[in-house]
Amino acid sequence: MKQILFLLSVVLFPFYVSGQNDYNQNQFQQLGELLPTSNNYRTASGAPGHEYWQQKVDYEIQVSLNDDNQSLKGSEKITYFNNSPDLLPYLWIQLDQNLFKSNSDTYLTETSSNNTVGKAMDFQAFEALNRETFDGGFKIGAIKDASGKSLKYIISKTMMRVDLPKPLNPKEKFLFSIDWSYNITNQKKQNGRSGYEYFEGDQNYLYEMAQFYPRLCVYNDAAGWQNKQFLGDGEFALEFGDYKVSITVPSDHVVAATGTLQNPDLVMKKSWTDRLKKASTSDKPIKIISQNEAESAEKNRSKTSKTWIFHAENVRDFAWASSRKFIWDAMNVKVGGKDVMAMSLYPKEGNPLWEMFSTQAIAHTLEVYSRYTINYPYPVAWSINGPVGGMEYPMICFNGPRPETDGSYSAQTKYALIGVVIHEVGHNFFPMIVNSDERQWTWMDEGLNTFCQYLTEQEWEEKYPSRRGEPRDIVPYMSSDKSVLDPIMTNSESIIQFGPNAYAKPATALNILRETVMGRELFDFSFKQYVERWAFKHPEPADFFRSMEDASAVDLDWFWRGWFYGIKPVDIAINNVSLYTIDSGNPEMEKTRQKTIIEKEALSVSEQRNKTSIPKYRIETYPELVDFYTKYDALEITDYDRKQYKKYYDELDQKQRDALKAGVNYYILDLENVGGLVMPVIIEMEFQDGTKEVIRIPAEIWRVNNQKVSKMIITKKSVKQFSLDPYQETADIEQSNNFFPAKTIESKLQLFKQRQEKKENLMQLKRSGKL
Amino acid sequence: MLRRSIIGTFIFCFTSFLVSAHKYYTSITQVEYNVTTQSAEVIMNVFSDDLLLAISNQNKRVVKMTDKDFTTLTYHYLDSRFAIKDTKNHQLKNEYVGLEVNRDMVSIYFEIRSVRELDMVSIKQISLLETNKEQTNIVNLRSGKQKTSMVFNAGNPGMQTVKFDQ
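Read top to bottom, the protein sequences are chains A and B.
Under the working numbering, the first residue of the first sequence is numbered 22, with each subsequent residue one higher.
Under the working numbering, the first residue of the second sequence is numbered 432, with each subsequent residue one higher.
Careful, some of the hints might be misleading.
[To be verified] Capping the alpha-carbon separation at 35 Å, the derived lysine-lysine pairs in DSBU-like fashion look like this:
| # | chain 1 | residue 1 | chain 2 | residue 2 |
| --- | --- | --- | --- | --- |
| 1 | B | K594 | A | K435 |
| 2 | B | K519 | A | K769 |
| 3 | A | K249 | B | K499 |
| 4 | B | K491 | A | K774 |
| 5 | A | K621 | B | K594 |
| 6 | B | K578 | A | K764 |
| 7 | B | K519 | A | K435 |
| 8 | B | K519 | A | K503 |
| 9 | A | K209 | B | K491 |
| 10 | B | K524 | B | K576 |
| 11 | A | K98 | A | K298 |
| 12 | A | K94 | B | K564 |
| 13 | A | K774 | B | K524 |
| 14 | A | K769 | A | K738 |
| 15 | B | K516 | A | K737 |
| 16 | A | K503 | B | K516 |
| 17 | B | K594 | A | K484 |
| 18 | A | K308 | B | K594 |
| 19 | A | K435 | B | K499 |
| 20 | B | K578 | A | K729 |
| 21 | A | K210 | B | K564 |
| 22 | A | K308 | B | K495 |
| 23 | B | K578 | A | K713 |
Simulated from the structure, these hints should not be mistaken for laboratory data.
Make a model of the complete structure from these sequences and hints.
Put into structure tokens, the structure is as follows:
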């Protein structure tokens, strides 16, 4: 038994494989030893400490886009402020474009399919061919300090180390410049988070440009240099800083970017600036460039160029989009009394879907997110339609869904667009403002953002078909075998089942925390508190875990342990229910009752046969053997009993006498935690008279015994049916053991069949004109 | 050469509708034994864009969800990629029940009738493996209180057998 228990506990705590079975395996064991020790930079309450610091990096970037060969040439002046207490001998810089080098680790470490899968080889061959012909990755030119002296550097795959002439002291800054160029990827062929799209019809290009310049890695107290190589999944984190970016493009292109345009009069038509002005006070989207204008622009091929200049303050990155194909609409959003411009750019291929939903979805996101987090602090928020399916940058995001070529669209395309715009605009808050380390923890931005996305979608329309957030939707994932599951606390590049693990599970966990564990009021305050504490800073997982507890006084260590550090599912079973009625103490009632019970008990076979087989007992032959005990009947009601009862009854107060009279039912429920993830127990009781009552028991019911507990419930009315988790709010993966008496659970397939039948009938009715 | 150009075209045709910065390739199939109806109930959840790409490749034309034969083609495709065999190594018939579209996921319902028990069974789920090398198909199998999962991917596409303890 001991062995079995030990095995079980190893499975429960995959991170505690200590080889000792006397280690505390209780799910309520505090997380302290798993979390980093607090210090002056990060407090034990989850807030930035009094010595918290972070670096600042300012950029002055000049890039020019070559629309003839789809390449970009750039140079940047970087000012690096060392706010750390440390001496820095070198700086690390991210070169994300190197992902597309034909010999990148991303390609080298891809695990291959084998011949048995047939057609896969064709696809791979095609892809491999494409990679070899494409000359991808950054081509780094000169790297010089402020005096023009070349700096020593070394490129290690997607990272570049620039060695400083002398170590950079704390509180000092370092100025240097980098020249570079690269061939822009064809996003539709090579994937990635940016690139161009070519439109065969009008032979134009549309560019979504991001991760386009060498960018400084984060250096902080928790991780040192965040210079983990980029393999494609773990996105990125950068320092906050100010950007001045000049973008040179063909004169007939329209450019959107992070920040505020500095020279509108030089790059935009008068009519556009006029309409923009109108849109800046409009509560509905207004066209800045109409579809007609965009379609006639498609026919141009300008040979001259224009330079668009943008400034952005306190952002953690910069991205932009450019094309002559763009239709443009904009509207005003008031956030905390401040004006923000919500704007969309899209080619005609995005219409009529985009003009209807994109900008409205931006506005909706800013309003709802600002309520749950902090007020959106930036002046603009863009949504751009191009080749990228969905990707976020500060103030600007790229979203893919488009209608069919005939302009019609399915419901899922519509909700995919609204959903992706909410999601990507929402990323402004996580991780663009609450700047977590994406290369380590995908859940910290995707999970929190998907949770807020769910809240926002639900405010779009009643019963909005959100894909993630509802506990019942995570059940198929949670019921999978442990071989295909990872804890949420898994590095971004190593996650199996990326979407369910890093998006859906944390989003669902937070929804459960809000609705079932903490309650909305405590949750919302604590969540906002976390965002306020870490806005424009670099939080770590522990800062989130600690903040949520600090602001609510709810011990959530068991919750983080189960949902974030573990892979066990929720499956609570109601194994048995025993009914006890009250002992009235009245000898007339109790002794009579006991007597009838004893009399009802069947005689044993021997007793039955002895009745006839023994002619005479010895005590009948020798009556002198009869004494007090021979005659004593314990169940006989004596005067002593009656006196004792009177004394007992007289001492009862009225309430107790009423309870006695009412005949209260005591139910003892035997509950088992089959799944292993401790959770609150929600019990619905349906009484004989048809009424219902729900009891909510906190998860702490399992704090002494994580596997089995018994719970007494006292009711006046007798219970017909006990049901666990009646509203499916805990993601319990097994419905069949949730009822006492047991109930047959209709299978999902059978339910689907019934729905189908209903649908068909409705259609028939409609056809026959009866509906 | 023809194959390559077809695939090339399809890559242009299908934009990922995933609400995320990532595209990932996973399907989850639930196989459950229903004692009452004596049938194995199968629910496959796949991404619609992956499915469309697969059936387009199989039929050598661009298939859309709005096409009249979308359902038939889907069934035909999945029937060719998902198989259950009984203890005697007989392939059981997948009876198509219907499909449901929810956002970017398609749920396809199959029923396999006249199954006496599901104590020993062999399953193959190689849907979509040919369309993307990262595709992983997870099959969650359940018979009574017994549960297990199987994983199918490019490196592991063969029939897998499970035997539950009696």
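### Violated hints - listed by number, lowest first
1, 3, 5, 7, 15, 17 and 18
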